[in-house]
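Here are the chains, one letter per residue:
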Amino acid sequence: MKRITINPITRLEGHGKIDIFLDEHGNVANTYFQVPELRGFEQFCVGRPAEDMPVITNRICGVCPEAHHLASVKALDQLFGVEPPPAAKKIRELFYMAFFVTDHTTHFYALGGPDFILGPDAPPAERNILGVVKKVGLEVGKQVIDCRARNHHVIEMLGGRSIHPVAGVPGGWSKPVSAAERAEIETIASQNVEFALFTLKVFDQIVLGNPVYLDLVLSDVYHHRTYSMGTVDEQNRLNFYDGKIRVVDPDGREFLKYEAADYARHIAERVEPWTYLKFPYLREIGWKGFVDGKESGVYTATPLSRLNAADRLATPLAQEQFERFYQTLGAKTVMGRYQPVHHRLATHWARLIELLYAAERMQELARDPEITCPEIRKIPQSVAGVGVGCVEAPRGTLTHHYVSDDRAILTRVNLVVGTTNNHAAISMSIRKAAEKLIHGFKVVEEGLLNRVEMAFRLYDPCFSCATHALPGAMPLMVNIRSHGGETLKSLRRDG
Amino acid sequence: MSTIIIGMGNPVLSDDSVGIKVAQVLGHALQARPDVETRELWAGGLRLMEALKGHERAIIIDAITTDGGKPGSVYTLKPSDLRQSRNTCSAHDAGFQEAMELGAMLGLNLPSHITLWAIEADDVETFGENLTRDVERAVPTVVAGVMRQLALEQQLPAAGGGGSI
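For the record, the sequence lines run as chains W and V. For what it's worth, numbering that gives the first Met the number 0 labels the leading residue of the first sequence as 0, then goes sequentially. For what it's worth, numbering that gives the first Met the number 0 labels the leading residue of the second sequence as 0, then goes sequentially.
These aren't lab readings, by the way, just hints derived from the structure by calculation. Treat the hints with caution; some may be incorrect.
To be verified - Covered stretches of chain V (in silico footprint by chain W; criterion: 3 or more residues with CB under 8 angstroms from a CB of chain W, positions within the stretch not fixed):
no., region
1, 6-14
2, 18-27
As the list claims (entries may be wrong) - Mimicking DSS-like on lysine-lysine, the simulated pairs with C-alpha atoms at most 27 angstroms apart in a straight line are:
no., chain 1, residue 1, chain 2, residue 2
3, W, Lys133, V, Lys52
4, W, Lys293, W, Lys256
5, V, Lys69, W, Lys141
6, W, Lys256, W, Lys243
7, V, Lys52, V, Lys77
8, W, Lys277, W, Lys134
9, V, Lys52, W, Lys134
Since this is a predicted model, take the numbers as computed values, not measurements. All residues carry an ideal CB built from backbone N, CA and C; glycine is no exception.
Okay, chain V solo, but in the shape it has when bound:
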């Protein structure tokens, strides 16, 4: 049973990088879990689908901007909602749903269980390596939430078999 955690976004575009920053923290925290792989990704669509290949579970962390959303708010979404986050689609090839459907048609081994953690961004138009205040504060919340999710899944009979702490 393997899980892939993908932090998405542009690492030098202020709050757009929040997914990547969360993934970096998780990468350190999960070093003792060989069944969990953590990586960063900057492009969605086919790239994201290709990155998910070969894993049974996936956790994607990305920035999101919603109408009237409060910066720093955290949402957990299902794959059917994925279209709404910033980086899971690609304007140059395919939306995430299309890419996943293509993968399924081609018989690629894609995760059956995908969770998206989305963090409401404030500034996604200024180059910079720092997060804005409220978004920065959301990082530990998401890290803790993902860790909790992983711990729960590890205990589930159907999901926990391969865990080897």
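Here chain W stands alone, though its shape is the one from the complex:
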């Protein structure tokens, strides 16, 4: 048996890696996806006052502190048994939309988009945001940086700090929105809507307009029929901040809809001996291994799964794109809703539709007269002792679960972060891409390797908080090993 190792190393001894084992014919026998574990998060938190958590958990990771901050304050609302006033919830959501616009924009232009804009076979040194700017034009680079800057400004204005927000408190938000701030945010939101529409047009021209790329998106290499998870409002429309968790089966029928607090009744975690990663699955279906289909409890929580789990989107322009997405990809309808799209590379498109939704939702909230209401806090009066808070993070459903004593000192902490939901699906996607692309030892050309990478890049897995943490670029190492495990060939490149 030969082994190929794809190593998203980060200049550290501990690092994530993908092992691809070949059989004696040089075909893929198995693949393993591993990342190192960071130790002691629960011990770090236990014994602290629960109200410290929104500012502790947002430090777990520099990538999505806003998502942790909100999941944490929602968990605290429950732990202190207090319902925030309507304006506080709206400010939280407004703040969150600014974050989503930034994160989705950055992913497309810097990480996901280059595979399409420059092409999957482009040299790695060009397949980055610089390559995008060189190809699409300097103006687009300026727009990306401007988009980030104006939304970072909103995040700082509402959240109190530019990177690690502090404004969320149990029972509400600590700072009202002034009339001047509201007006400024409305202008920014309108610019975001325009930019999202522009980005969708770029995607249209470059990907959908190119039959080669469309074939790639629709190819069997990146196809998996799994359950889809997402948060929906009472009308089954996607919502990032609040609602119930809905899971639809691979045919598009609702399988589950539950309150975040009930997550442990529906989600179980599989432990495998070869990795620290845990693999969440649907408890009612059970763990059947790394396989897809209706009989397997594997699900995904991604931009694509969120669209699949929702009946529609709550804003008009995004809803138009939603319709177009399912019609273009040939989805049929079942029970009056579109059947899920299972082409995993379509996640990139879904992410851009979410970008437009976030921008439009931001605009709606900025125009809501209640957003400047000064009643933004209900002071907790008691300690309920348990709290579960859930939001849709850019990379999947994020759950914070705290248990405390009657003085609100933490006794237990559990987090299920966005990427964790997708561990099984990521492993399966890597395996399938490897199986379809690697035959008879033919593996080491750059484009082929990149096509395997594309199978996990579409999830934008964030190891920072999933288990950890190794921030940094993602250089790749490929080792091809013989039966005995010795390295026959080694390929390495820097991210």
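Starting from the structure of chain W, add chain V where the hints point.
Frame of chain W, contents of chain V only:
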């Protein structure tokens, strides 16, 4: 002439926080220098480039892990070496070099002079607010080194014009 000092790292991940701890000490020590701004940053790549915008000089302090490196060792690196420290790149957008190149292409006003102070970390996998012993001992060394660098630069004709102590 303005200088930005950026301490990088995860503040609750043991030795990964050393850059932030150094920056905190420097922030207090440099309160009388209006030409020097000190801040903390948790993410590299585009974020770091954006934070450098508008400054003529930059000093970045970060943890590093090198093969066989002795915990607490201090390295001063040039921008071309920056890729090697822990937090200057982002897995979610761009490496530091790419980000700087993008900034330059877009005509952003980026520092012409960047120094990286990197401290060899021991434990970067356990959550905790404390540094390990040898890394803790390196903090005053780096603080003194950065202060010395700032004092020297202030005296240089090309660099010292705007200093206003």
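Verification of the supplied hints:
1. 6-14: Satisfied; 4 residues make the cut.
2. 18-27: violated (count 0)
3. W:Lys133 to V:Lys52: Answer holds: W:Lys133 to V:Lys52 is near 21 angstroms, not above 27 angstroms.
4. W:Lys293 to W:Lys256: Distance of about 17 angstroms is within 27 angstroms: holds.
5. V:Lys69 to W:Lys141: Outside the cut-off at roughly 42 angstroms; violated.
6. W:Lys256 to W:Lys243: The hint holds at about 6 angstroms.
7. V:Lys52 to V:Lys77: holds, 18 angstroms
8. W:Lys277 to W:Lys134: violated, 40 angstroms
9. V:Lys52 to W:Lys134: holds, 24 angstroms
Consistency with the previously given hints fails for numbers 2, 5, 8, ordered from lowest to highest.
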